[in-house]
Amino acid sequence: MAILKVNNLNKNFGKVKAVQEVSFEATEGKVLSLLGPSGCGKTTTLRCIAGFENPDQGEIYLDNKKITNIPPEQRGIGMVFQNYALWPHMTVYGNLAFGLQIRKVPKPEISKRIKRVLSMVQLEGFEDRFPRQMSGGQQQRIAMARALVFEPGIMLLDEPLSNLDAQLREEMRFEFIELQKKLGITAIYVTHDQAEALVISHKILILNQGKAIQLGTPQEIYSNPKNKFVAGFIAVTSFMDGKVGSLAEEQKKVIVKTDDGLTIQGNNNNLSVGQRVSVAIRINTVYFIQDEDEIEKKSVNIFKGKIIQSSYLGNIVDYKISVGNWIIRTNTEVKYNFKVGDEVKFYLPPEKIIVTLEK
Amino acid sequence: MQKSVFRKTIEIIMFIMFIFFLFAPLLSLGIWSVALRWYWPHTFPIEIGFDYWFQALGITKSLTLGAVNVVPAFWLSLGIAIVVVIITMTIAIPAGYALAKLRIPTFLKGLILILFLMPRAFPQQPVFLNLMLMFNKIGLTGTVLGVILVHLVVGLVYAVWITASTFRSIPPELEEAARSVGASRLKAFFKITLPLSAPGLIASAVFVFLTSMDEFTGTFFIGLPFVTTLPMTLYSASGSNIQFASVIAILLLIPSILFMILIQKFLKAEHIGGMGG
Numbered sequence: 001m002a003i004l005k006v007n008n009l010n011k012n013f014g015k016v017k018a019v020q021e022v023s024f025e026a027t028e029g030k031v032l033s034l035l036g037p038s039g040c041g042k043t044t045t046l047r048c049i050a051g052f053e054n055p056d057q058g059e060i061y062l063d064n065k066k067i068t069n070i071p072p073e074q075r076g077i078g079m080v081f082q083n084y085a086l087w088p089h090m091t092v093y094g095n096l097a098f099g100l101q102i103r104k105v106p107k108p109e110i111s112k113r114i115k116r117v118l119s120m121v122q123l124e125g126f127e128d129r130f131p132r133q134m135s136g137g138q139q140q141r142i143a144m145a146r147a148l149v150f151e152p153g154i155m156l157l158d159e160p161l162s163n164l165d166a167q168l169r170e171e172m173r174f175e176f177i178e179l180q181k182k183l184g185i186t187a188i189y190v191t192h193d194q195a196e197a198l199v200i201s202h203k204i205l206i207l208n209q210g211k212a213i214q215l216g217t218p219q220e221i222y223s224n225p226k227n228k229f230v231a232g233f234i235a236v237t238s239f240m241d242g243k244v245g246s247l248a249e250e251q252k253k254v255i256v257k258t259d260d261g262l263t264i265q266g267n268n269n270n271l272s273v274g275q276r277v278s279v280a281i282r283i284n285t286v287y288f289i290q291d292e293d294e295i296e297k298k299s300v301n302i303f304k305g306k307i308i309q310s311s312y313l314g315n316i317v318d319y320k321i322s323v324g325n326w327i328i329r330t331n332t333e334v335k336y337n338f339k340v341g342d343e344v345k346f347y348l349p350p351e352k353i354i355v356t357l358e359k
Numbered sequence: 360m361q362k363s364v365f366r367k368t369i370e371i372i373m374f375i376m377f378i379f380f381l382f383a384p385l386l387s388l389g390i391w392s393v394a395l396r397w398y399w400p401h402t403f404p405i406e407i408g409f410d411y412w413f414q415a416l417g418i419t420k421s422l423t424l425g426a427v428n429v430v431p432a433f434w435l436s437l438g439i440a441i442v443v444v445i446i447t448m449t450i451a452i453p454a455g456y457a458l459a460k461l462r463i464p465t466f467l468k469g470l471i472l473i474l475f476l477m478p479r480a481f482p483q484q485p486v487f488l489n490l491m492l493m494f495n496k497i498g499l500t501g502t503v504l505g506v507i508l509v510h511l512v513v514g515l516v517y518a519v520w521i522t523a524s525t526f527r528s529i530p531p532e533l534e535e536a537a538r539s540v541g542a543s544r545l546k547a548f549f550k551i552t553l554p555l556s557a558p559g560l561i562a563s564a565v566f567v568f569l570t571s572m573d574e575f576t577g578t579f580f581i582g583l584p585f586v587t588t589l590p591m592t593l594y595s596a597s598g599s600n601i602q603f604a605s606v607i608a609i610l611l612l613i614p615s616i617l618f619m620i621l622i623q624k625f626l627k628a629e630h631i632g633g634m635g636g
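Residue numbers (the numbering used here), protein chains in the order written: chain A, 1 to 359; chain B, 360 to 636.
Among the clues, some could well be false.
To be verified - Label pairs and their computed distance ranges (CB to CB):
no.	chain 1	residue 1	chain 2	residue 2	range
1	B	Pro464	A	Lys257	46 to 56 Å
2	B	Met373	A	Leu313	50 to 60 Å
3	A	Lys5	B	Ser543	22 to 32 Å
4	B	Leu545	A	Leu183	24 to 34 Å
5	A	Arg132	B	Ile463	26 to 36 Å
6	A	Asp241	B	Ala457	51 to 61 Å
7	B	Arg462	A	Glu220	32 to 42 Å
8	A	Ser23	B	Ala457	31 to 41 Å
9	A	Leu247	B	Pro530	49 to 59 Å
As the list claims (entries may be wrong) - For lysine-lysine, the following DSS-like pairs were computed, each having C-alpha atoms within a straight-line distance of at most 25 Å:
no.	chain 1	residue 1	chain 2	residue 2
10	A	Lys5	A	Lys181
11	B	Lys550	A	Lys115
12	B	Lys468	A	Lys17
13	B	Lys460	A	Lys17
14	A	Lys15	B	Lys468
15	A	Lys104	B	Lys546
16	A	Lys112	B	Lys550
17	A	Lys243	A	Lys226
18	A	Lys15	B	Lys460
19	A	Lys243	A	Lys352
20	A	Lys17	A	Lys5
21	A	Lys253	A	Lys345
22	A	Lys335	A	Lys352
23	A	Lys257	A	Lys359
24	A	Lys203	A	Lys226
25	A	Lys104	B	Lys550
26	B	Lys546	A	Lys107
27	A	Lys359	A	Lys253
28	B	Lys550	A	Lys107
29	A	Lys211	A	Lys15
30	A	Lys257	A	Lys320
31	A	Lys66	A	Lys17
Unchecked claim - Just some of the chain A residues that point at chain B, by a computed CB distance under 8 Å:
no.	residue
32	Phe52
33	Pro72
34	Glu73
35	Ile77
36	Gly78
37	Asn83
38	Pro88
In case anyone wonders, no lab produced these hints; they're calculated from the structure.
All values derive from a computational prediction rather than experimental measurement.
From the three backbone atoms N, C-alpha and C, an ideal C-beta is built for every residue, glycine too.
Between the sequences and the hints, there should be enough to build the whole structure, so can you do that?
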């Protein structure tokens, strides 16, 4: 198993700066996700690690060995592609044996290893099938098996589940977690799906426009987003922009004056008065108040708004509420039954409200 | 019911017309090639025999105007075509691969394609006339080598074009996947890209072969009078002896038809091979 270090990586395609000064370290035996919207540079970063792109600047180290300029076949890195990239003219056996044959592994050993890896991905007895004779999920597993069969120290995955349907995708996430845990392999996982990243990663690196924005555990990224972009990308979030008005007496709390004059209290411990900030409101942190008595108990963060959209989703209802200049989205239980145009009062518990940098 | 009868009728008519357009010219050639005596107002030849075939194939000697033994010409054409295919594909496969897969600056790519296309972008006669004047200086006119070079000019255009688009149709990840498991660039090409593009490459080779077998204009300027390929004999026969020309035309058709069957087989293999993944 291996440690991967990326140091000040830069890659341009013509005038497009695909990757700018990206540095990170992947811990041995853990999953690091590169998460970001399309065009953020995550795939280019991955392809630089794999050796399919030559970085314009920066170094890549695998187990303290510099691999920046050595050809991909000498890096010993397993890779799983988005469209599986199984070789259509070879059977499963042929696909899996290819890397081993190049390494001159003796034939009986090849069969043994293929058997083992197929049982790992739960496709025993599939040796003689051609890729076209398998479902998308099965092809995906074979692609994973192919990247694992030659026992690389590190595995790269480029949106491996994005071609599967939603249900299968969720199942495969857990299978991947199991497999990774069992093998203890270091994995770099590229995805644009934040839910997927939260579930499978030990650490997440958020990228945007070619730059690394934040590196942290899923919990850190979710509850302590570095800026508005991260907060909005990691979960469905509504924002109110403004300035830090004052620091609250309570620890870790700040009071924000929004641009349209509302006052709202939220969490953050390293901001100073006057800084431009965004107040991030997750969809599950809005509490409707119908009982007037409750209002008196809560002294802050009570807002009046108007329902402007309501979508029934079965177990929950998705509302959009307009407050001042802002639109806040929330998911609540079905019991409220508000209609479009209704005036509502709601409470935003300060300990659940995240105040983050606007940029 | 009525509709289906109507449809069937249309289908049958279409089928008959299809057969007619496809086979009528062939049939006409076939009849002409065995017609010993045939003149107006007779619908069919008065006398039928294989005399012209025997003469063309050199089995019997004849004094008929325009009749020559075409067997040497056939072998010459075949030989030239095979050499042209081999040379063309040796150039076209790397060139097509480079155009399709390597990162060549766009202007350079355009330049290369234009270079290959140029000879076909102008009317053929002036191009070949010019070529003849050049070849004259270096003594290549009237030589088999000169004819091969001319056929290469013609064949390369199609071959590079087809091989490039064949290679382009193979997803780059397939080669990348091979390299990630440890294959060198060369090995990835020979084990992954080449087998997957075989149908396209074979189609391209067949096309070059048929083009060479058929090539007239270039051979006319460069090869004559010393290099007489099959189309040359057809040309000289068609002016004087239509039976004889028919025999040669049929001989020219044989490789085309054989290859047609071959191509179809490979295209089917491609289909079964699940190229689409």
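- Does the alpha-carbon distance linking Lys5 (chain A) and Lys181 (chain A) stay inside the 25 Å limit? Holds, at roughly 21 Å.
- When the least beta-carbon distance from Asn83 (chain A) to chain B is tested against 8 Å, hint result: Holds. Min distance 6 Å.
- Query: If you draw a straight line from the CA of Lys203 (chain A) to the CA of Lys226 (chain A), is it 25 Å or shorter?
  - Reply: holds (15 Å)
- Given the hinted pair Lys550 (chain B) and Lys115 (chain A), is their alpha-carbon gap at most 25 Å? Roughly 23 Å between the alpha carbons, so the hint for Lys550 (chain B) and Lys115 (chain A) holds.
- So the hint says 50 to 60 Å: do the beta-carbon atoms of Met373 (chain B) and Leu313 (chain A) match that? Holds, since Met373 (chain B) and Leu313 (chain A) (Cβ atoms, about 55 Å apart) stay within the stated range.
- Message: Tell me if the straight-line CA distance from Lys15 (chain A) to Lys468 (chain B) falls inside 25 Å.
- Response: Holds. Lys15 (chain A) to Lys468 (chain B) sits at ~20 Å (cutoff 25 Å).
- Is the Cα-Cα distance between Lys335 (chain A) and Lys352 (chain A) 25 Å or less? holds (22 Å)
- Measuring from beta carbon to beta carbon, are Arg462 (chain B) and Glu220 (chain A) in 32 to 42 Å? holds (39 Å)
- Task: May I ask you to test the interface hint for Ile77 (chain A) with respect to chain B, counting a Cβ-Cβ separation under 8 Å as satisfied?
- Result: The hint holds - Ile77 (chain A) has a Cβ within 8 Å of chain B, the shortest such distance being about 6 Å.
- Task: For the range 51 to 61 Å, tell me whether the beta carbons of Asp241 (chain A) and Ala457 (chain B) fit it or not.
- Result: Holds, since Asp241 (chain A) and Ala457 (chain B) (Cβ atoms, about 53 Å apart) stay within the stated range.
- Task: Quickly compare the C-alpha distance for Lys253 (chain A) and Lys345 (chain A) to 25 Å and report which way the hint goes.
- Result: holds (23 Å)
- Message: Hinted pair, alpha-carbon criterion (25 Å max): Lys550 (chain B), Lys107 (chain A). Please report holds or violated.
- Response: Holds, because 18 Å separates the two Cα atoms, which is no more than 25 Å.
Checked against the numbered hints above, the structure breaks none of them.
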